[in-house]
Amino acid sequence: MKFRNLLILPVAWLGLFLILDMIFIDDPDINSGFHYINLNLTNLMFLAGCLLAALKFKPGDYLRKAWLWLVACAFFINFYNVIPVIAWMGADQVQIGLFQGICNAFGNTSAVVGIVMLSRAWRIAELELPGPEWAQLFVQLIAVALALILAGPAAVYSLGRVLDGDYFAIEWLSSALGDIICLGLIAPLLLTALALRGGVLSWPWIFQTLSLMGWLFVDAIMTVLPQFYGTEPGQMNTLSEVFRIWANLFGFLAGLAQRLVVDQVRKQIPNLKGENPS
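Numbering follows our numbering, with no gaps: position 19 of the sequence shown is 19.
Treat the hints as calculated values from the structure; they're not laboratory data.
There could be a bad hint or two in this list.
Unchecked claim - Mimicking BS3-like on lysine-lysine, the simulated pairs with C-alpha atoms at most 25 Å apart in a straight line are: (1) Lys2 with Lys267; (2) Lys267 with Lys56; (3) Lys58 with Lys267; (4) Lys2 with Lys56; (5) Lys65 with Lys267.
Produce the entire structure from the sequences given, and follow the hints as far as they go.
Structure representation (structure tokens):
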């Protein structure tokens with residue numbers, strides 16, 4: 001299977017999303033419902049992809065644990081988005097905000113643990129990363145610098161609100177800090193993919209890197225872009241949702257690719273031993 005063909009999914013999905021967004025732009029109610037359904041559907045796909053990857057490994061396997069942490073992250077993302085439904089059952093905005101803050105904190109913590117484990121997979125597998133150590137360190141520093149530039153302003157702003165007594169801002173602070181850590185780990189994931197020299201084993205890391213880049217763009221749109229271009233709230237929300245969908249779909253593809261890679265490797269092992277696979 002050519003894994004690059006999986007790229008058709010996010011390209012086609014985002015193209016259709018933008019077309020329908022323009023069609024429904026004059027009807028705010030329909031457009032808002034369309035965005036809500038679309039975003040939650042891709043959130044569920046992200047959850048499904050991580051679960052597919054985790055269940056492909058045996059209990060106790062290193063990568064099973066890593067993917068299960070990402071399953072937890074996807075679960076909390078999904079639960080975060082459906083919490084407002086609680087308002088129909090009598091919960092007030094304070095309770096909703098508290099529940100969402102807890103989900104956000106747990107979700108970001110799970111994401112950090114899962115991404116850290118995936119970024120260390122090359123050490124567990126005893127792979128040799130490409131390039132000299134100084135070049136690897138340089139790439140890592142560039143990734144961390146970009147993460148601080150794009151997610152740092154949100155972290156500083158949220159911290160200021162928390163110090164002023166707005167404890168609901170803890171949700172945004174945890175989100176920004178989680179993004180900084182995860183985005184800073186783009187370099188190890190990308191280097192892991194390069195260490196695998198373009199083989200099928202590299203695709204889960206490539207897709208996961210693209211997913212993290214999607215979250216990087218979300219941070220940039222919500223914090224940096226308005227300061228320079230004064231983007232209208234509606235345009236900013238649409239751009240933000242485009243990259244949230246991007247992040248979810250590539251997260252789904254990362255999990256799917258991980259499962260397909262394991263299948264391919266297991267089929268090749270008998271051939272390598274001179275046996276007939278059955």
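Where does the structure disagree with the numbered hints, that is, which hint numbers, in rising order? Those not satisfied: there are none.
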